[in-house]
Amino acid sequence: MLGGGFFLAGRASGEVKRRLGETGLARELARRVVIATYEAEMNICIHAISGDVCVSVEGKGATVVATDRGPGIADVEQALVPGFSTASEKARELGFGAGMGLTNMQRCADSFKIESEVGCGTTVQMEFRPRPTDSEEKPG
Amino acid sequence: MRLAEVVEALEAEVLVGRELLERQAPAAGASDVVSDLLFFGRPGMVLLTGLTRASMIRAAELADVAAVVIVRGKRPEDEAVELARELGMPLLVSPHSLYDCCGRLYVRGLPGPIPACRRAESEEDS
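Protein chains in written order, with numbering that gives the first Met the number 0: chain A, 0 to 139; chain B, 0 to 125.
No lab work stands behind these hints, which were simulated from the structure alone.
You may find that some hints are simply not true.
Computed beta-carbon distance windows for the label pairs [what the hints assert, rightly or not]: (1) A/117 x B/4: 52 to 62 Å; (2) B/21 x A/17: 22 to 32 Å; (3) A/109 x B/106: 37 to 47 Å; (4) B/77 x A/14: 19 to 29 Å; (5) B/85 x A/49: 35 to 45 Å; (6) A/109 x B/78: 29 to 39 Å; (7) A/117 x B/31: 26 to 36 Å; (8) B/23 x A/110: 41 to 51 Å; (9) B/10 x A/60: 24 to 34 Å.
From the three backbone atoms N, C-alpha and C, an ideal C-beta is built for every residue, glycine too.
Working from the sequences, and respecting the hints, build out all of it.
Pasting the structure below:
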């Protein structure tokens with residue numbers, strides 16, 4: 000996907016949501032994957048030049064890897080602070096830039112890893128496993 | 000609460016989804032920030048928002064929102080209406096303020112969403 004633009008923002012995550020509905024993954028787990036994927040997609044759109052998000056389903060769980068080519072993050076610890084954002088004014092007009100993207104990803108995922116190199120890009124790896132609080136209900 | 004009752008309570012105009020007004024919503028919430036919707040939102044809820052952009056429609060669909068209500072009589076941008084049609088997302092406009100819309104639904108018994116943070120905190124405590 001291409002960064003810096005919002006026209007198609009969210010479409011990839013919409014496709015992920017549709018396809019996850021065909022896999023038989025538990026609904027609440029699928030929802031967490033979709034939200035995390037969407038936040039990763041939006042980070043690419045808002046901050047990066049281009050990127051890829053790969054979602055794979057393994058048994059009852061899933062893995063999401065988001066890799067982008069872009070400015071990278073100089074201070075990852077700071078970026079993980081809820082509310083911290085470097086989003087543009089344009090992004091904020093559209094309702095983004097609350098600084099909660101990485102926080103949402105961490106909440107949704109059962110394991111979360113982020114690596115970044117300034118001038119190169121950022122990679123986020125997340126794993127999703129069934130939780131005791133997930134509903135047993137499967138997508139209809 | 001049926002969406003038809005939401006329309007009545009908020010004195011809303013239905014821009015998209017007139018055929019979907021029998022849909023039931025277990026809760027409602029309000030946000031102008033996409034990430035807050037994803038953090039606090041509950042599947043099936045009605046979303047009250049002052050944001051008129053397509054970005055909120057997209058996020059609402061991903062969060063399994065039942066209907067989007069734009070408040071204060073604001074007109075959504077054309078892309079928002081088109082996207083709502085494409086996604087089958089009911090889109091309403093209410094003349095009332097965000098606060099009044101919240102109140103009008105709350106007094107009729109529609110609860111707010113259970114925040115994910117509260118769920119997560121209770122998991123950590125237990």
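Now for the hints, and whether the structure bears them out:
no. : hint                      : in the structure
1   : A/117 x B/4: 52 to 62 Å   : holds (53 Å)
2   : B/21 x A/17: 22 to 32 Å   : holds (24 Å)
3   : A/109 x B/106: 37 to 47 Å : holds (39 Å)
4   : B/77 x A/14: 19 to 29 Å   : holds (23 Å)
5   : B/85 x A/49: 35 to 45 Å   : violated (25 Å)
6   : A/109 x B/78: 29 to 39 Å  : holds (35 Å)
7   : A/117 x B/31: 26 to 36 Å  : holds (32 Å)
8   : B/23 x A/110: 41 to 51 Å  : violated (36 Å)
9   : B/10 x A/60: 24 to 34 Å   : violated (46 Å)
Consistency note: the structure conflicts with the earlier hints numbered 5, 8, 9.
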